[in-house]
Every structure is written in C-alpha cells, then in structure tokens.
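What follows is each chain in one-letter form.
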Amino acid sequence: MSLLVQGLARLLLAPILMVAFAVLVKGYADVGDGFAAGAIASLAILLQYIAFGREQTERTLAIRLLPAAAFVGLLSALAITAAPLASGDPLLTHTPGAGTEPIHLGTLELIGAFAFDIAVFLLVLGATLGIIHAIAREAERVEGIEPR
Amino acid sequence: MIDAPRGRATAHSLPAAVAILAAATGFAATLWCWSQGGGVLDLPWAASLDIRLRFELDGLGALYTLLATGVALPVFVYAARYLPAHLAQQRRPASHAPRFYGLLVLFMVSMAGLAMAQDMVALFVFWDLTAVASYFLIAYDRHEDSARWAALMALLVTGVSAVLLLIGALVLYAEYGTFSVPELFERAQPGGTLTLAGGLIAVAAVAKSAQVPLHFWLPRAMAAPTPVSAYLHSAAMVAAGVLLLGRLYPLIEPSALLRDGLLVVGGASIAVGGVIALTRDEMKQLLAYSTFSQYGYVVFLYGLGGAKAAVAAAFYVISHALAKSALFLTAGAVTQATGSKKLSEVGGLARDLPLLAAASAAAVAAIVALPLTVGFFADELFFAAALERGPWAAALAVAAAGLTFAYLGRFWIAIFLGPPTPSGRVPAAMLVPVAALGACLVATGLWPEPVASLAAAAGEASVRAPTSAAVAYHLDARSENLMALATWSIGLTLLALPALWRAPAGAVARLGTRVGPERLYAAGLRRVNRLSDRVHDLEVRDLRARVAAVLVPAGALVALGVLATPTAGSYRVGEIAARDAALVLMLALACVAAVAATLQNHHLTLTLVLATLGFALAGVYAFFGAPDVALVAVVVETLLALLLFGVLALIPAQVLRREAEIRTRGSRRWRDPLIGVVSGLFAFVLAWGALSRPSPERSVAAEHIELAPDAHAKDVVTAILADFRGLDTLGEVTVVAVALIGVVALLRRGRLW
Numbered sequence: 203m204s205l206l207v208q209g210l211a212r213l214l215l216a217p218i219l220m221v222a223f224a225v226l227v228k229g230y231a232d233v234g235d236g237f238a239a240g241a242i243a244s245l246a247i248l249l250q251y252i253a254f255g256r257e258q259t260e261r262t263l264a265i266r267l268l269p270a271a272a273f274v275g276l277l278s279a280l281a282i283t284a285a286p287l288a289s290g291d292p293l294l295t296h297t298p299g300a301g302t303e304p305i306h307l308g309t310l311e312l313i314g315a316f317a318f319d320i321a322v323f324l325l326v327l328g329a330t331l332g333i334i335h336a337i338a339r340e341a342e343r344v345e346g347i348e349p350r
Numbered sequence: 005m006i007d008a009p010r011g012r013a014t015a016h017s018l019p020a021a022v023a024i025l026a027a028a029t030g031f032a033a034t035l036w037c038w039s040q041g042g043g044v045l046d047l048p049w050a051a052s053l054d055i056r057l058r059f060e061l062d063g064l065g066a067l068y069t070l071l072a073t074g075v076a077l078p079v080f081v082y083a084a085r086y087l088p089a090h091l092a093q094q095r096r097p098a099s100h101a102p103r104f105y106g107l108l109v110l111f112m113v114s115m116a117g118l119a120m121a122q123d124m125v126a127l128f129v130f131w132d133l134t135a136v137a138s139y140f141l142i143a144y145d146r147h148e149d150s151a152r153w154a155a156l157m158a159l160l161v162t163g164v165s166a167v168l169l170l171i172g173a174l175v176l177y178a179e180y181g182t183f184s185v186p187e188l189f190e191r192a193q194p195g196g197t198l199t200l201a202g203g204l205i206a207v208a209a210v211a212k213s214a215q216v217p218l219h220f221w222l223p224r225a226m227a228a229p230t231p232v233s234a235y236l237h238s239a240a241m242v243a244a245g246v247l248l249l250g251r252l253y254p255l256i257e258p259s260a261l262l263r264d265g266l267l268v269v270g271g272a273s274i275a276v277g278g279v280i281a282l283t284r285d286e287m288k289q290l291l292a293y294s295t296f297s298q299y300g301y302v303v304f305l306y307g308l309g310g311a312k313a314a315v316a317a318a319f320y321v322i323s324h325a326l327a328k329s330a331l332f333l334t335a336g337a338v339t340q341a342t343g344s345k346k347l348s349e350v351g352g353l354a355r356d357l358p359l360l361a362a363a364s365a366a367a368v369a370a371i372v373a374l375p376l377t378v379g380f381f382a383d384e385l386f387f388a389a390a391l392e393r394g395p396w397a398a399a400l401a402v403a404a405a406g407l408t409f410a411y412l413g414r415f416w417i418a419i420f421l422g423p424p425t426p427s428g429r430v431p432a433a434m435l436v437p438v439a440a441l442g443a444c445l446v447a448t449g450l451w452p453e454p455v456a457s458l459a460a461a462a463g464e465a466s467v468r469a470p471t472s473a474a475v476a477y478h479l480d481a482r483s484e485n486l487m488a489l490a491t492w493s494i495g496l497t498l499l500a501l502p503a504l505w506r507a508p509a510g511a512v513a514r515l516g517t518r519v520g521p522e523r524l525y526a527a528g529l530r531r532v533n534r535l536s537d538r539v540h541d542l543e544v545r546d547l548r549a550r551v552a553a554v555l556v557p558a559g560a561l562v563a564l565g566v567l568a569t570p571t572a573g574s575y576r577v578g579e580i581a582a583r584d585a586a587l588v589l590m591l592a593l594a595c596v597a598a599v600a601a602t603l604q605n606h607h608l609t610l611t612l613v614l615a616t617l618g619f620a621l622a623g624v625y626a627f628f629g630a631p632d633v634a635l636v637a638v639v640v641e642t643l644l645a646l647l648l649f650g651v652l653a654l655i656p657a658q659v660l661r662r663e664a665e666i667r668t669r670g671s672r673r674w675r676d677p678l679i680g681v682v683s684g685l686f687a688f689v690l691a692w693g694a695l696s697r698p699s700p701e702r703s704v705a706a707e708h709i710e711l712a713p714d715a716h717a718k719d720v721v722t723a724i725l726a727d728f729r730g731l732d733t734l735g736e737v738t739v740v741a742v743a744l745i746g747v748v749a750l751l752r753r754g755r756l757w
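As you go down the protein sequences, you meet chains U and V in turn. Here the first sequence is numbered in my numbering, starting from 203 and rising by one per residue. Here the second sequence is numbered in my numbering, starting from 5 and rising by one per residue.
If you're looking for bench data, these hints aren't it; they were derived computationally from the structure. Model, not experiment: these values are computed from the prediction. Note that beta-carbon positions come from the ideal geometry of N, C-alpha and C, so glycine has one too. It is possible that part of the hints are untrue.
[To be verified] Derived lysine to aspartate or glutamate pairs resembling DMTMM-like cross-links, with alpha carbons at most 20 Å apart:
no.	chain 1	residue 1	chain 2	residue 2
1	V	K718	U	D232
2	U	K228	V	D719
3	V	K718	U	E345
4	U	K228	V	D264
[What the hints assert, rightly or not] Calculated from the model, a selection of chain V residues having no Cβ within reach of chain U, i.e. all distances over 10 Å:
no.	residue
5	V207
6	P254
7	R673
8	G730
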C-alpha cells in the first residue's frame, strides 16, 4: 500500500474516532446515534486494515479481542432492556421519568436510553470488526500471502 | 448381567442422586403441605392478559403430585442402576447420563405443575411441557430410528391435540372472561359453548391418555428406556390426560353428549387395549396396551358421571400407577436378567427371582382386583359406580375386568412359572424399587384409608361437592363382591382356555395394524412431508427462484389491493420547485444506478454501481431533511462496499470471470425480468398512491416530536431509535450480532474463533 495512503490512514485514525465519539455522546442533541457512531469507528479501523494489513493493525491497535464487544453490547442491551422489570415497570421504561432533571456531565445528560445507545455502539463496532477480521484472515489463507 | 465400569460412576451418581433427592423432597413437601390442609400460591404472570400463575394443592393436585413424585422415587432409584448398563450396552459415553436425569426431573416438575395449576393458560403450558419432556425421553436412544419415530409420534399426537385444549380455553375466555379455573366453574352455564369447549378439552385429554382412536402412539413409545416407560405410563404423561378430565370435570360433566362420548371412548379403549394385550408377546408391548386399557376404565368412570364415579376414577389412578410402574420395572429387570424381551423366551423365573416374583404378583393382583391389595377397592368402587348407572354398565365392567385378569395373568405366569430359563443376577437397586411398590400395594390393601381419603378429596375437587369413599372388606353376597367373583371366573376361564380367544384376538390385532389410525397418521405425515419438500424445492432451488418467491406473492397481493381500490384522485403529481433540483438530480442518479445494476455482469463494477445507488439514496435522504438517516446510510454504504470488495477478493479470479460470462437461457431469460418489472411497477404504484394522500392531522411522528423533550432528547430520531421504539432496535441489533456469528462461522468453517 502506498506511503500516501498509509500516512493518511495514520493521520485520520484519531480524528475519525473522535468524530465517532462525538456522534455517540451528542446523539441526543444532534444528528447521529450509537449505530452511526459504531459504524464510523469501525470505518476508521477498516482504513487501518486496508493501509497496514491485518497483522500490523491488530498488533499496534491491540484490537484482537474487540469483536467480543459485540456480545458485551448485546448482553448489556438485553440487561438494560430488562432492568425496569426489577422495579415492576414495563421493558425499556425511560429513566429518569419525564419531568425530572437527569444528572448532567457538562452538557451531556445521563439517561437510561444513553446507556442503551452505548450498548448498540459496542455491538455494531464489535460485529463489524469481527466480520472484517474474519474476511481479512480468510483472504490471507486463500492467497497464501503475507498481509497486504 | 452387565455392570457399569467403575470409572463412569461420577457422571451417573451425582445427577442420579440429585434427581432422587428432588423426587424425595417433592414427595415429602407435598405430603407435609397436604397434611397441613393444602394451600394456594397465586402469582401474577401476564396481568394485562388476565393470566396468573395460580397453583392450588387441592385433593386432585395432591393426588397427582404425590403420584408424580412418589412413583418417581423408585423409578429414579431404578434408573440409577439401569442407565449405566443401558449406556454401556449401546457404547455411549457416560456424559449422556445427566441429560436423562434432567429430563426426568423436568417431566416430574411439569407433571406436578400441571396437577396444581388453576389457570387455563398455565395448565396448557405445563401440559405441553410434559409433552416436550416425554419427546426427549422417548427419543433418548436417538441413534435408533424407531425411537425417533416414536418420539415424534407422541409429540405430534399429544402436541397437536394440546392446541385443542388452548382453543377450548380461549373459547371459554371469550364467553366467560376468565382463565381462572375456579372462576370458570362458578360462571360456566350448560349450553352449546360449554359443550364445544368441554369437547375440545376432552379430545386433548383423551389423546394424552392414549384412548382409542388416538392410542397408537403409546405402544410405540415403548422404544424409550424402561424407567421412562414406567414413569410415563403410570404417573406422568398418560396420567395427565385423566388428570385434565378430573380437573376440568365441571366443564365436561354437564353435557350428556360428552359423558356418553367418554363412555364410548373409554369402553372401546378397554376392549381394544385388552384384546390386543392378550396377543402380545413382547413384555413392554403387552404392558403398553394394558395401560391404555386401564386408563379406559378411568375415562369410562368419568363418562358415567356423578360423585361416586369421580372418586372411583381417582382411586383407580392411584392403584394403577403403583401397580403399573412395578410391572414395567419388573419387565426391565427380567430383560436385565435374561437378555430377552419376549414372554415366549422366558419362564420359570420364580425360583431364581422370588422377590421379583412376589412383588410383581402383588402388582398383578392389584390390577386384577384380588383382595389384600389396594386394587380390590379400586375395582369395588368401579363396580359400584357402574352398577349405579345400570345393568349394562355393570356387565361391561365385569367383562372388562375379566379381560384384564386374563392378559395380566398370562403376563405373570409366562414369566415366573413353567420351565425355567437361565438367568443372570439382577442388581438389588433394580429389585428394591419393585419390592417397595409391591409392598406399598399390599399395605394399602390392608389399610386403604389414606388412599380412600385422598381419592375422596380428589373426587371432591372434580365434582365440587363433598364426597366420601368408604372402602372395607365385606364378607357377604353384595353385588360388588359377586361382580368381583364373576370377573375372576371369566379371567380364569380365558386363561385356562386360550383356544377360545386366540384366533379372534389375533384377528383384531392384525386388523388394527392393517387399517388402524396409525396408518392414517403415517400417510398424513408422508403427505405433509412431500408438500413441504415441494414448496422447499420451488423456493430455494436458486437465488433467482428465492427472490421470485418473495416478489411474486408480494406483487400479486399489492396488485390485488391496487386494482381493488378506487383510483379517482388518489394519484397526484405534485409540483417541483426550483429548490428541489438537487433532490430530483439525486433521485435520477438512483434510477440510473438501479437500471445499470441490472445490466452489469462484472462483479466489481456491479459492487460499485450498487454503492452508487446507495450513496444516491443517502443524498436523497439528506436533501429530504433526514440527516440522521443520511449519515447512517453513507457510513453503512461505505462499509458494505468495502466488505463486499473484501469478500470478492476471497473468490478466485477465474471463478468470478466464469460466473460473469454466464447468460440466462430459455424461458428464464424473459420470465425473471418480467417478474421484476411487473412487481416493481406495482410497488411504484403503491408508493405513489401512499404519497399522494394528504398526511393525517395527528401522526405518530408528531406524537414522537411532542414527547421528545420528556425523554430528555433534542434529536427526535435518536429518541425514537433508542427510547420510544427501543424494543425494535434491540431486535435489529440482535440481528447484527447473529450476522457476525453467521459470517464468522461460514468463513471459518464452523469455528467461531
């Protein structure tokens, strides 16, 4: 892969991840949500795969175990969905209730749906990376070559 | 004869111990609770649907729970000894053992739940749970075709008829507005609706209790390991049918039609089961036919109606459960000792196995109503109830009992008398349960009050009125005693003169296999299979066929809808303002890309064209004022295009080249485009019609926008996705996780990591 692409990929990694993070936390105030954020973040990493190949990317970014985030996300989404049952409310009841002020973290409002969005983010990111990893590995096996 | 190797001990002993402990605890707890006067457990389940988890330990509940746990105890003890030998004989690993005990415990628990449930939906759930447990237990030897066939048959016959129970419950709910059993009893009025619902329920019960003509699954179910047969026939599954009759008796009894139906079904089952049992040579087969014949007695009793019959039915179930489990375990022990399953191949075992002979003699005596066993009283009550109905019922009862005497007498004599066959050792753990059951039968024969009071309480639960069961030995010439004498003499005559019945009984059995309902079942199953195969072939022959299988019915339905709707004024062409130029341009690009996609054969170009289509649509969203959707569309489109390139790289270039050169030929060349164009056209018309309609004043979207501030959201789309319709999102992201598993498993040939 050309030096230009590699340089660009390295340069763009942090900004794209930052954008993904912004899309995630600003989801309730602006365009975007956990799903989009997860897809953007995995695009950032996919760019590294393309530029540096599977082995180097997974080594330098230490993301070998990130696909497991899909199941962490799925399980937490299920847990968040079911949590209101414990207090006798229907599934996915909004917390805190309408009218009450949520806890603020700067301008970020901590509400139950935000936790759900984070779970979706983890799930999408993990699932996409898992698929990318599987395809990249298989490509190496098929062509019997070193990482491109 | 076969001992399990020592090393397997732990895989067997721990789950077995847990199962035995569970049975013992369940029995003791039920006994204690019952001695304290029963109790009610009422938990909310689905309050919005009026469904509650209501359990009540009344007489009927106590009876069947005590049976389910009490019979489970000796059966599980026996299984702990039987299963290691069984698995060793089939060269299966000891790791198959825990599942067996787990399923047995599930069977026991679902039976107990069924016995105590007081809500129609809960009844239905436990009813099906017993079917599920029995399915896996019958098919426990899953490498054997016959076991799988038998399990499927049991599941289909009892499972399909279980739907009738649910329909009956829904009919009752529609009429009386409650699923609660006690409330139903209060509100139910005799009439057409009640007869219909009661009839549906009775059919389900009769199928579960393997009554004619739905009896054929039971003899097949003998493919199960012996402890399963023993349990299934005595205290679970088959008993569940008559339990349901007893539980919902107030819904069935008011209809004379249903009572007469039960009489006919019960009588026919007694006769068919008894006659075929006479001809069987295989021990477990004989006992299987005997089982549905015996349950025929109980169904017959419920058909007679009245408090006396209900008490007699409950009493009969107790004595039959104890005796029949003992007889099955006897058959298993005999097979263990001699390696043979047929009556004609064994004989004279009384010398080597005196304990087994004595215990099973008690069991046989109990079913054929000899004094000093509890069965005597069971038949006494049976005769008394029949007498109350009339002389014809009494005559039928005597004939039935005589028949039973003959085939069970034949069973015991063939095994234990006559010239001895060589036999091996039977482990004590397989003899003790039989002995315990036999002792129990004799003890209750000498002191029947506990059984009688339990049966009276169960009868009380069935008829909702005080009942009593006064049983005692009377040494006088009362009619019940005379009927018992008549029974014995008929039975002895039949036993002594086999020439009398051999030819006709054999003819009945042959007729049954030739034209019986089992053939109907097999033919029906074959038909359904063939239909399913044909639909499957049609749909999944290739990708085009599968797409067509979606497009053609969808297109046809839409076409029907469009053509049936009046069209005047429903298709409008709006105005295109100058500021919409970008939007129109994007739509035009999407159209061009869509058409181009159909003309491309080269895979890489096709991927790019499809990506162009996706980006064009993302542009449409953006100009249409849906930035959230546009963002996701752009990002996902990029990801998908890149991943598609990656996947294409996995396919050898020459394969791609060859595939690209394939041209569709013959009729498909015109058919497939035609299907696509026509269904696309109707989709277009549908969308046009929908967009031409003025949007309603108050849409769901408006409501969402109004509610967003309450959900602390400034972005409505995110609030909808993560909050208002979070359950949808949960389903969708679950699909993403499933897709991950699918892709990885496909690429890594079944492995996930």
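Status of the hints after comparison with the structure:
no. : hint             : in the structure
1   : K718/V to D232/U : 7 Å, holds
2   : K228/U to D719/V : 9 Å, holds
3   : K718/V to E345/U : 50 Å, violated
4   : K228/U to D264/V : 73 Å, violated
5   : V207             : 37 Å, holds
6   : P254             : 35 Å, holds
7   : R673             : 33 Å, holds
8   : G730             : 4 Å, violated
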